[in-house]
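Novice: Heads up: the protein sequence lines correspond to chains A, B, C, D, E and F, in order. Here this note's numbering is used: the first residue of the first sequence is -2, the next is one more, and so on. Here this note's numbering is used: the first residue of the second sequence is -2, the next is one more, and so on. Here this note's numbering is used: the first residue of the third sequence is -2, the next is one more, and so on. Here this note's numbering is used: the first residue of the fourth sequence is -2, the next is one more, and so on. Here this note's numbering is used: the first residue of the fifth sequence is -2, the next is one more, and so on. Here this note's numbering is used: the first residue of the sixth sequence is -2, the next is one more, and so on.
Hints are computed from structural coordinates only; laboratory data are not their basis. A few of these clues could be false.
Copies of the same chain look alike in the list, so a pair counts if it fits in one copy or across any two.
Unchecked claim - Straight-line Cα separation of at most 25 Å, DSS-like style, residue types lysine-lysine; simulated pairs:
| hint | residue 1 | residue 2 |
| --- | --- | --- |
| 1 | K167 | K105 |
| 2 | K20 | K105 |
| 3 | K20 | K167 |
| 4 | K216 | K167 |
| 5 | K101 | K149 |
| 6 | K(-1) | K105 |
There are 6 protein chains.
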Amino acid sequence: MKITIKLSGHILFPAMDTLPQIKDYATVIRELVKKGDHVSVVVGGGAPARYYIQLARREGADEATCDHIGITIANLNAKIFSQALGDVACPFVPMDFDELEKAKVSGKVIVMGGLQPGQSTNAVACILAEKMRSELLINTTTVDGVYSSDPKRDQDARRLETVTVGELSKILASMGVKAGEYALLDPVALRIIQRSRITTKIIDGRDPLNILRACTGEKIGTTIIS
Amino acid sequence: MKITIKLSGHILFPAMDTLPQIKDYATVIRELVKKGDHVSVVVGGGAPARYYIQLARREGADEATCDHIGITIANLNAKIFSQALGDVACPFVPMDFDELEKAKVSGKVIVMGGLQPGQSTNAVACILAEKMRSELLINTTTVDGVYSSDPKRDQDARRLETVTVGELSKILASMGVKAGEYALLDPVALRIIQRSRITTKIIDGRDPLNILRACTGEKIGTTIIS
Amino acid sequence: MKITIKLSGHILFPAMDTLPQIKDYATVIRELVKKGDHVSVVVGGGAPARYYIQLARREGADEATCDHIGITIANLNAKIFSQALGDVACPFVPMDFDELEKAKVSGKVIVMGGLQPGQSTNAVACILAEKMRSELLINTTTVDGVYSSDPKRDQDARRLETVTVGELSKILASMGVKAGEYALLDPVALRIIQRSRITTKIIDGRDPLNILRACTGEKIGTTIIS
Amino acid sequence: MKITIKLSGHILFPAMDTLPQIKDYATVIRELVKKGDHVSVVVGGGAPARYYIQLARREGADEATCDHIGITIANLNAKIFSQALGDVACPFVPMDFDELEKAKVSGKVIVMGGLQPGQSTNAVACILAEKMRSELLINTTTVDGVYSSDPKRDQDARRLETVTVGELSKILASMGVKAGEYALLDPVALRIIQRSRITTKIIDGRDPLNILRACTGEKIGTTIIS
Amino acid sequence: MKITIKLSGHILFPAMDTLPQIKDYATVIRELVKKGDHVSVVVGGGAPARYYIQLARREGADEATCDHIGITIANLNAKIFSQALGDVACPFVPMDFDELEKAKVSGKVIVMGGLQPGQSTNAVACILAEKMRSELLINTTTVDGVYSSDPKRDQDARRLETVTVGELSKILASMGVKAGEYALLDPVALRIIQRSRITTKIIDGRDPLNILRACTGEKIGTTIIS
Amino acid sequence: MKITIKLSGHILFPAMDTLPQIKDYATVIRELVKKGDHVSVVVGGGAPARYYIQLARREGADEATCDHIGITIANLNAKIFSQALGDVACPFVPMDFDELEKAKVSGKVIVMGGLQPGQSTNAVACILAEKMRSELLINTTTVDGVYSSDPKRDQDARRLETVTVGELSKILASMGVKAGEYALLDPVALRIIQRSRITTKIIDGRDPLNILRACTGEKIGTTIIS
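Okay, chain A solo, but in the shape it has when bound:
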């Protein structure tokens, strides 16, 4: 199966004071490859990106440049993760769409970070899924799926097993999420999922084994149906 996996920068690179633990995530990806899956990965920026963006902003950088700096760190995180993958990974991290096409020649696990300012790494994961014609997109988060309403405020909130893109948009809107600030999946990501009918699973990525579970069809998290 063709699978694209978004590894949350917040999970993989949570803080600056200790070195992150990414080995188990690499092990999971290698296992999928061994099983015959055709995997591609996007890694977010996490704490180091926040550190540099905060610094750049304080020194007077415009927001587009701040985005660009965050992308540089996401690409570096991708580089680190591809090292952890070892020989199954494409030896370079494609940094634009032309390089992505060149990376496809390798036939190996492509690991990417970001592309251009104004675009979240979630959106990049969707673009990568399109380009690789992935049937499954797994988005790792720090929650265990999408809820019918905000669980922090509403006792009756329940985790949804499946949700359509339309329903998800409404839920996010009802929670008062502002345009372009959806933590889970931004509107660009939703639009791409819709247009290319990519089955997308939102899972709790804090346990790396959840990725394996989601790929083998175990009922976990929330599945977005397009």
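Take the given structure of chain A and dock chains B, C, D, E and F to it, following the hints.
Specialist: Chains B, C, D, E and F in isolation, oriented as in the chain A frame:
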């Protein structure tokens, strides 16, 4: 004043059977430059982009690649427009953020098309406005501004002179515009306008002189206040 | 066998008002690949290139820039054609000689457009044939071969089965073709065919099956012997 | 005046056993700049290019790769010459058309070598002249101009003060010069001179002062009229 | 005066838990520019580079890749510093020698990080000094100069006002500094200082004003004479 | 076995007046490949590099630019050598670290020249050895190994079969070799050999068969133990 102008591909390149009339738009830009404004321009893909995207899709291209092909045409349109501008234009069309930084060295009018898949040329205009620290962003459309409700359905719909980003989001949502399909301004664009507090004017771009009017402070179209 | 095929832009992209039919050409290339041939392809600019060049010239572009714009379109056509080829095609269109060397790593069908101003896509096909060490170069045109004299003026004109580069030069000169304006094959192309002794067939490319016929040795068109 | 000058590799880099004398040529260019002319320069490959091409061919390189190797040397010669020019030269040698557009930003003397296989440095000089909109193209050779017939065979051969592109083509053809082997100016160069109506002077470049003479309108060499 | 300044990564980016204070260093550079000096800057990798290198190494990266990762961070630090410089800085950070030549076109303060694996940012500063033809190279460290012997072990150690490259090599060797591990200046840096006779000052960079003092000829730190 | 081989430019390209004999070296590399070794190669600049550097320096180039020009020639020599290798070679010469990662995708013999100013091709060979995780690095020279002291001055000087990096540093220092001028292996190279524990053999490369001997474990030259 620092101004970024989004020239609609639909207006400048409306059809494939006749050569487009872009001279008057170039004249307006040159006039602004002569007045001392620091102008940058984004040109959309228009009919040629639709032609190639339709063709690519029919030949089996994935949607991300279709986007990329549309971007190539938008960049080509930008190249054509920079020729029409002549000596006041930066001699090359920056195709990514790194090249944009190099283009700034020229001190001339930077003309861009698109950047990466998943991103509208409206979003690119916002990113360019951020990078150039523009105080004013002019978005040319085929309507004369933002309406309180859909004028095709609601007789009481009236054009708004000003609107906040929040109000605009609500209006678009109430019109049933789906996530990522806002014709006027997509959510990425709205988020950037918000975060960098760029005064943005939605004007009818079919008359090139409206651009001049908007730049000189004439009351025209709708102004988005962040 | 190693074969380079020049697909005429005029044949593949004849007009702007309808989407071109390129599927049958892609089918022929895939068939050759299935048979074990090592194929590379150059696609011309056709009607969209003429559209943009005409536009650029009207807006004051110099002729070298016009050429460059035509090359951009030829590259885009090559991109579209590689999409139609699907998995047998190299995932990217090499845009200069360095990229061509990188494309060779893929071991797949390389599809190119143009290279640099001043160079016809016929010349690019010859350079590609040299680089790939092709034994056969097929040049598709809208005529069924080379004639002993201009068939429009001379009733006794007959199609030649074979012709040497020297004879062809004389025929073209006798027809009053000016330097650098040979529709069929320009002088650069002729020089390359000569220096690398590439067997070249001029065939009527309006029927895609003629390409197959020429590759399997059927007597068709005119063969240039170096 | 806008002037493009082709400096012959054979004249500037005549042999491998002694270091070439290029200072006087640099002095001439600097003098033109001081006078207010807008100068651009193309330098050929000369003896070092022949050395490396001969070597590459012996080691089995295809002819397109041999061309590419010759271009690398021409670019290196251009780099050396730009060092000799000092501060009046653009600090980098543009190696493709995109870089040429970036070099224009510098406003300084652009020095180029070659572009792509299949293209002589004479053709590159014509493309550069087009791009820079030069009114005058000076081509340095080891003869003092174009003759009515081959002076080695015909006692009545006389140097022509002016010649049209059409006449020049005929003269070259009558001398039995084969397609693509014109030492003086190849057909691509002739076509460009024609299409962009660039006044071109063929002069004896062995005396660097002849360049100054040609630029100041002194009657020297042969002028090609388009 | 032409001055190249190496800003120590250890000083500018000392730790990961707090945002660094780089404003005062930017102020000093801007002051030099205002005085008419032609300044270029190299910024080291500091704590973030160590963080990422340590991480890469733990994930199995080879040492050359670790170097490359450190260079990416040094380039990012340079980007941040150029933001702090504002308009006096070249808008992009040159990442290789070709880009450095393009950056020279800007005429602004060039800020660089690293170049290629195996090369310290000290060596990069020396190369930049050569390329910019700087008369003075200032190397900021956490000591107040070069000592006649190791001050930690030898009570009689005294700070040298001047030292030759040869003497410095001997002192470093006598301290048991191993090949390629000179903290102060590595052998590549020493060789470049020697070959291009660049006056080099080793100063305590913890006080940004020391940079101003060194530039105005105040007796501070140790001057290496070549 | 993974082996990196540094081919001396002085041996392969000894002079400008005759074409070099490199076939036998290519034969040796192909033989190693046939045996199953995973080989990568660095080629030095030799006489052509010295020619161009001397010329550049005379025309006023700074030393960093001179280095860069030497690197261009080393890359060209690498290109020539890869032609001699034929199909076992990666079709392009990686010119920076990013391209090196792309070249790894080919799985073929990577042939490199230089990287950036300030770095010897010996250092590049060490970096390549690190990147390819080579177990053996062979450095061809014009001497038959490392001597205990300078054999030209000391009758008792004897060739060492093995030497540690530390001992080698001391020997070189005792011979009065100045910082950064070690002909055999510069300090950067020594540091990399040390840090990555690459077994390195210094052999007389004038006989190409010595390379085969060194690879098959024959006692030849001097082995540096880290």
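Novice: Now tell me, hint by hint, if it's right for this structure.
Specialist: Each hint, compared with the structure:
Taking the shortest Cα distances, K167 and K105 never come within 25 Å of each other, neither inside one copy (38 Å) nor across copies (44 Å). Proximity of K20 to K105 under the C-alpha cut-off of 25 Å is restricted to the intra-copy arrangement: shortest distance 18 Å within a copy versus 29 Å between copies. For the identical chains of this complex, K20 and K167 are neighbours neither inside a copy (37 Å) nor across copies (42 Å), given an alpha-carbon limit of 25 Å. In this assembly of identical chains, the alpha carbons of K216 and K167 lie at most 25 Å apart only when taken from the same copy (24 Å versus 35 Å across copies).
Taking identical chains as interchangeable, the C-alpha atoms of K101 and K149 are never at most 25 Å apart, the minima being 43 Å within one chain and 47 Å between chains. In this assembly of identical chains, K(-1) and K105 lie within 25 Å of each other by CA distance both inside one copy and across copies; the values are 12 Å within and 21 Å between.
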